Every structure is written in C-alpha cells, then in structure tokens.
Amino acid sequence: MKQTPQPLWLKTFTRQIQHGDVIFRALTILASLIILATFVAIGFELWQNTTLAREKFGLSFLTSDEWDPVQQQFGALPTIYGTLQTSLFALLLALPLGLGIAIFLAELAPTWLRAPLGYVVELLAAVPSVVYGLWGLYVYLPNFVKPTAQFLNGTFGFLPLFEGPVYGPSRFAASLILTIMILPTISALCRDVLLAIPNTQREAALALGATKWEMISQVLIPYGLSGILGTAILGLGRALGETIAVTMVIGNNRDLSPSILHPGYTMASIIANEFAEATEEIYLQALIEVGLVLFFITLALNVLARLLVWSVARRTPSELRA
Amino acid sequence: MQFKWTLGIAALVSVALLASACATPTPGAQPTAAPKAGSIAINGAGATFPFPLYSRWFYDYAFVDTAAKFNYQSIGSGGGIAQITAKTVDFGASDAILTDAQYTAAKNIQMIPTVAGAIVPTYNLKADDGKVITATIKFPFTAIADIYLGKIKKWNDPILAQANPDLKLPNKDILVVRRSDGSGTTYAFTDYLSQVSPEWKDKVGTANSVKWPVEGIGGKGNEGVAANVAQNDGAIGYVELAYAKQNALAYGSVQNQAGEYATASVATVQAAMSDFGTNLGDKLALSIANAPSKTAWPLATYTYLLIYMDQTDCVKGKTVINFIKWAITDPAAEKSATALDYIPLPDAVRTQVVKKLGQVTCNGKPIQ
Chain D
1 MKQTPQPLWL KTFTRQIQHG DVIFRALTIL ASLIILATFV AIGFELWQNT TLAREKFGLS
61 FLTSDEWDPV QQQFGALPTI YGTLQTSLFA LLLALPLGLG IAIFLAELAP TWLRAPLGYV
121 VELLAAVPSV VYGLWGLYVY LPNFVKPTAQ FLNGTFGFLP LFEGPVYGPS RFAASLILTI
181 MILPTISALC RDVLLAIPNT QREAALALGA TKWEMISQVL IPYGLSGILG TAILGLGRAL
241 GETIAVTMVI GNNRDLSPSI LHPGYTMASI IANEFAEATE EIYLQALIEV GLVLFFITLA
301 LNVLARLLVW SVARRTPSEL RA
Chain U
1001 MQFKWTLGIA ALVSVALLAS ACATPTPGAQ PTAAPKAGSI AINGAGATFP FPLYSRWFYD
1061 YAFVDTAAKF NYQSIGSGGG IAQITAKTVD FGASDAILTD AQYTAAKNIQ MIPTVAGAIV
1121 PTYNLKADDG KVITATIKFP FTAIADIYLG KIKKWNDPIL AQANPDLKLP NKDILVVRRS
1181 DGSGTTYAFT DYLSQVSPEW KDKVGTANSV KWPVEGIGGK GNEGVAANVA QNDGAIGYVE
1241 LAYAKQNALA YGSVQNQAGE YATASVATVQ AAMSDFGTNL GDKLALSIAN APSKTAWPLA
1301 TYTYLLIYMD QTDCVKGKTV INFIKWAITD PAAEKSATAL DYIPLPDAVR TQVVKKLGQV
1361 TCNGKPIQ
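Taken in order, these protein sequences are the chains called D and U.
Going by the working numbering, the first residue of the first sequence is number 1, and it counts up by one from there.
Going by the working numbering, the first residue of the second sequence is number 1001, and it counts up by one from there.
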C-alpha cells in the first residue's frame, strides 16, 4: 500500500498540537486575559453603579467631610485621608523591619535557624485578618498600642502628629496592626530577592575587603533595590485594602486632624461598616463610589510605585554591580 | 499517535455527558404524596440583630414541620429589604421600619413584628478614689441625648450629679462610644433619642447609621462597643440588653416619659410594647421608644419579618405563615426567645399579628 504524503501545513500543525505548545500558549494567554478582564469589569461595574452619586456630588465627593446617611450627604475625604495615612505609616514601619528580617534570614542567620524562622514569618501571613482584628482590639490595643501612644503623646505631644487626647483606637493603632499584617509579605519577598542575588556579587565584595555590613549595605541592597521596592508595593496594596482588622481598631471617626493618635476612618472600613444596612439607593451608590475612589487610588499608587521601580532598575545594574 | 489527545478529550466528554444524564431526575416519576422531610425550601434574608433567635427557631421548627427547610442569610436589613422587593427570597427581615418609597417599591408588602429587643446604656467609670463605679447610674430623661449631642461633657455635670446623689461622680470627660456599623441597635437608639430630644430629631434623626454630633469612638458590633467602653475610663456606650446580660456589663437605668427610673427587663419592655399595643395600625410597624407608662423601658424596638400579603407559591406561602404563627404563639418559641434575651410580644400585640396573618392570601385565594 502506498501512503499519501501529508501536506506540509498539516505536518507542522499536528506537530504543534502534539507538543501541546499551542494549547499551552493559548491557556496562559487566556489566564492572563482573565485577570485583565476582571480588572476592567470591576472598574466598569463600579463606574456604572455610581452614576447617581457622581452626578449628585461631583468632585465635592472627594473634598467634603460630610457623611450623613439621614440627610443623604456624602463625602469621602476623611476616609481617603485615613487610608493614606495609615497605609503609608504602616509601610514606613514595615519596610525597614521587613528588610531587617530578610537580611537576617538570607545572610546572617545560622543555617539551622533559617528554615524554621522563615516558616514562622510566612505563617503570619496565613492568620485571617479578623483574628488580627480581635487580637488587636482585646490584646494589642490596651497592652501595647495605648501605652505607646501615651508615651508618644507625652514626649512629642508638641508635634501636631502626636497631639492628644489618646483613647486607644486610632490611626496609629490601625497602622501598627497593618505593620504586622504586611510584615510577612515584605520580609518573605525581600528574602527571596536577596537570595536571588548571584553569589559572585558577595564574593567580589568580600574579595575587595568589604565587611559583611559593607557588602550588604553597598552591594546587596542596591543590587536588589528594584525587587525590594516591588515588595513594598505589594505590602502597600494589602495595607490599602485591609478591612476588618482596621475597622476594629481605628475608632471609625471622621477626624481630619494631623494627629495619628486620633481615631480615624478608612475607605475599606466605611464600606464594611455601612454597606450591609444601607437601604437608600443614593447611600449605596455613595458607598460604591468610595470603592471606586479606593480602586483608583490603589491603581495610581501602583503605577507610581512601578515607575519608581523602573527608574531604579534602569540605573542599578551597570552602575552598582560589584 | 497524534489522535491520542482528541480521543482522550472525546472520552472525557462522553463520560461527563453520561454522568449528567444519569443525574437528571426523570420528571413525573414521584407521585404526589406527603412532602419529603426538608423538601420545602424557604429562603429568607435580612437583619443581623434577630439572627441568633431566628436560627434557633428554624432549628426548633424543623421538628414541628419536617417538610420545611428554612435558610436565612443575615446580610443586614438593607439587603433583606432589597431582596424581598426583588422577590428573590420568600421573606425578608428588617429592624428598620420601611419608608414610604420602600412600601411603594414592594407593593403589598407587610411588616410582621416577631420580637422586641432592648438597648441599654453601658459605662466604665472610676470614681476619684480609683474604684470602678459598679452601682447603677441613673440617667435623667434627656441626659443620654444631651451626652450624645455633646451638651453634657463631664460625668459630674449637675444633671447627672443631681440624679445620682449617692454616687460621687468624678470630674471626668465623657467619651462617647457608638456603633460604627449600620445596625438595628443604632436605629433603636437614635429612635429613642429623637423621641426625647427635639434637637436630636432635628439635627441627627433616626437611622441605622447617622452623622454623630460627637463622633467619639465607633466600635464594630456590640463587642466593639463593649471593648472600647471597657478600655476607656469615662466611656459610655450602648449595646443590646442580650449582649450586656451575657457579658455581665454594668448598665444604667433611664428615666422614662412618666418620670420613673426604669431598668431593662422582659417585663419593662413588654410594658412598652403594651403601651402601643392597642393602636399598632394596619402596618403593624411603629416605634415603641419612649413609652408612656410608669414601668416601661424607653429604649426598645421591634424587629420585623417582611412578607407579601398575596403569596405566589401556595405551598411556600402556607409554610411561611405557619412558621410565623408558631414563632409568635408557641410557648416553646417564646422560651427560646427569652432564653436568648429577646422580648416576646405581649398578648395585645400578638392577637393583632395573628389576625393579620389570617388575611394573607395566595394568588387571591385565602391560604388553607
């Protein structure tokens, strides 16, 4: 029997099918498209469902501190302020702390300690946020946050940032809870960044006579800076959107004073607090609009941070490699 | 070999098809006999405040009517009203009384009071000698409103001091603690404040969430309010009576409309309900705050189920109505309610509700 030769296109096609490359490629593209589609869909839904509120309040929604469900007047300024202040303050505390943990785990800790300590740090990320919230409310707040806040107020009370009176629930408390919550993300990722740096970099630095401190501060950190900033973005993202734990310790007060020791409010918490019992259309829309604002702020901060990472990444390799 | 993939997929698909074909029940196979246990699924959604009681009731009722299977989502009053309006659930539940617009949107809707809840003022205050004041603090008629309006700022304010001559109230700032989450508790509390203080009614009003004149600290849930009160010397908050009792919090007595100092209990809340019991009206929904009789506790509220007066599914409709009748009349249901510190309806109210339930129809015909 004589076999008819297959045409070339069919051959290539079947070969590709056989290897699964095309299918695999299509699946991965689909997976990434789902992310993009979800993102667009969320933005679209938020926009679509706030028509009434956007028309009624306009840009004053962003600048007004009025939030009156009875009179149906809504403004998101105090919550925007609270979200930004607590998230940035948390990042400010968590980044050096997390980097310190990462350096210890990656460079300094004895080998037998690295794995168990690493697990414990990662375990912190697995604690549900409502547990953080309840622990924060019943343990952390009275035993650590309030005394610390009272000390700050007593010592630095002349600064607007640490003005009294001190009650306990405050933007400070929320920042401290957030610090703990984003710490595992930051330290685990920073450790991976440091571990990914080729050993030749360390050897070269040590060969030049650098001490361990000099090697870490002048070679490893600059080398991994873009990665470290990247982890900071992830940490910030979690801090911006964190809801329940913050709601439980922040005091839910539309305070606008500069003092971090005062109770405050965040965008995520006002949605969590009021969405379930909001009955009027305009009220619901105002809450959804808060979500929209949070969506845009998260987006904007991420883009900004990404730009920062890029500018750092462009600069590092050639200039700073040992 | 190149067809291995295709073959494999074809095999998988056919197996899946076969399986789903087997799972589909053949229509009309079951003859209409007595309904199977748990076969009538009733869906409800709404208020969180009565949720512990309702879930208890559904559990108890499963023994009374084995066919009924209740499923209740405690998504909040707002969600409950929205879902019953959209008819995606068989009944709704709300702590707040429907607005006129909501009545119009959900044509033929009926509010059915099931139980009442009481709100109590709770506080944490140390006297000048450093000892926590455990005695009951008396709050004169408008004192709570004035505290929450920011007009009474200190614990030794003459108004409070005069009402509590035997307590040495200290010269301390009052820290106001209130609910941060939208809640029926806040609705009941602000309803009371609006009734006793025209200024409150004018400036703030009654709602599940309001714009607080003094924002103080907002705690999430009863537990958030209680924890913030417990952690701050000089704090005052409001929680449900059930929560205060179960957690042994100190709570005050309040001067009612008749001028007497009342303490929250089943008897005093039922007195408040009875005060308004004769004129519940067609809507069966009204405020029971600031009741006039001498023994009445002034900070109380009904919680309601929402049903349509004309049901579209007769089997479900009958089940729902029977359940509600059982819940408000059966001694076992009443026992469950009092065990969880909810206040059962007094007789005067109960007869009106039962009468109303008798008027519910299904597609225009009387049920049963």
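Quick caveat, the hints were computed from the structure, so don't treat them as lab data.
Mixed in with the good hints there might be a few duds.
Said to hold, decoys possible - Where chain D lies over chain U, by a calculated footprint (3+ residues, C-beta under 8 Å):
{"no.": "1", "stretch": "1178 to 1186"}
{"no.": "2", "stretch": "1203 to 1213"}
{"no.": "3", "stretch": "1226 to 1236"}
{"no.": "4", "stretch": "1254 to 1267"}
Said to hold, decoys possible - Here are the simulated BS3-like pairs of lysine-lysine, each with C-alpha atoms no more than 27 Å apart in a straight line:
{"no.": "5", "chain 1": "U", "residue 1": "Lys-1283", "chain 2": "U", "residue 2": "Lys-1036"}
{"no.": "6", "chain 1": "D", "residue 1": "Lys-56", "chain 2": "U", "residue 2": "Lys-1201"}
{"no.": "7", "chain 1": "U", "residue 1": "Lys-1325", "chain 2": "D", "residue 2": "Lys-56"}
{"no.": "8", "chain 1": "U", "residue 1": "Lys-1131", "chain 2": "U", "residue 2": "Lys-1172"}
{"no.": "9", "chain 1": "U", "residue 1": "Lys-1365", "chain 2": "U", "residue 2": "Lys-1087"}
{"no.": "10", "chain 1": "D", "residue 1": "Lys-56", "chain 2": "U", "residue 2": "Lys-1211"}
{"no.": "11", "chain 1": "U", "residue 1": "Lys-1087", "chain 2": "U", "residue 2": "Lys-1036"}
{"no.": "12", "chain 1": "U", "residue 1": "Lys-1318", "chain 2": "U", "residue 2": "Lys-1107"}
{"no.": "13", "chain 1": "U", "residue 1": "Lys-1294", "chain 2": "U", "residue 2": "Lys-1087"}
All values derive from a computational prediction rather than experimental measurement.
For every residue, glycine included, the Cβ atom is placed at its ideal position computed from N, Cα and C.
Hints versus structure:
Against chain D, the stretch 1178 to 1186 of chain U contributes 5 residues with a C-beta closer than 8 Å to a partner C-beta. That satisfies the three-residue criterion, and the hint holds. Given a C-beta distance limit of less than 8 Å, the hint that chain D covers the stretch 1203 to 1213 of chain U holds, as 8 residues qualify and 3 suffice. A count of 4 residues in the stretch 1226 to 1236 of chain U with a Cβ less than 8 Å from any Cβ of chain D is obtained; the coverage claim is therefore met, three being the minimum. With 0 residues carrying a beta carbon less than 8 Å from a beta carbon of chain D, the stretch 1254 to 1267 of chain U misses the three-residue requirement, and the given coverage is violated.
Between U:Lys-1283 and U:Lys-1036 the alpha-carbon distance is near 36 Å, which puts this suggested pair outside the 27 Å criterion. For a cut-off of 27 Å, the pair hint linking D:Lys-56 to U:Lys-1201 stands: about 25 Å separates their Cα positions. For the hint pairing U:Lys-1325 with D:Lys-56, the CA-to-CA distance comes to about 45 Å; that exceeds 27 Å, so the pair is violated. For the given pair, U:Lys-1131 sits about 14 Å from U:Lys-1172 by alpha-carbon distance, which is consistent with the 27 Å threshold.
A threshold of 27 Å between alpha carbons decides the hint, and for U:Lys-1365 with U:Lys-1087 the separation of about 20 Å falls inside it, so the pair holds. The suggested pairing of D:Lys-56 with U:Lys-1211 holds, with an alpha-carbon distance near 19 Å, which does not exceed 27 Å. Using a Cα cut-off of 27 Å, the hinted pair U:Lys-1087 and U:Lys-1036 holds, with the two alpha carbons roughly 25 Å apart. For the hint pairing U:Lys-1318 with U:Lys-1107, the CA-to-CA distance comes to about 20 Å; that is within 27 Å, so the pair holds.
With a C-alpha separation of about 43 Å, the suggested pair U:Lys-1294 and U:Lys-1087 falls outside the 27 Å cut-off, and the hint is violated.
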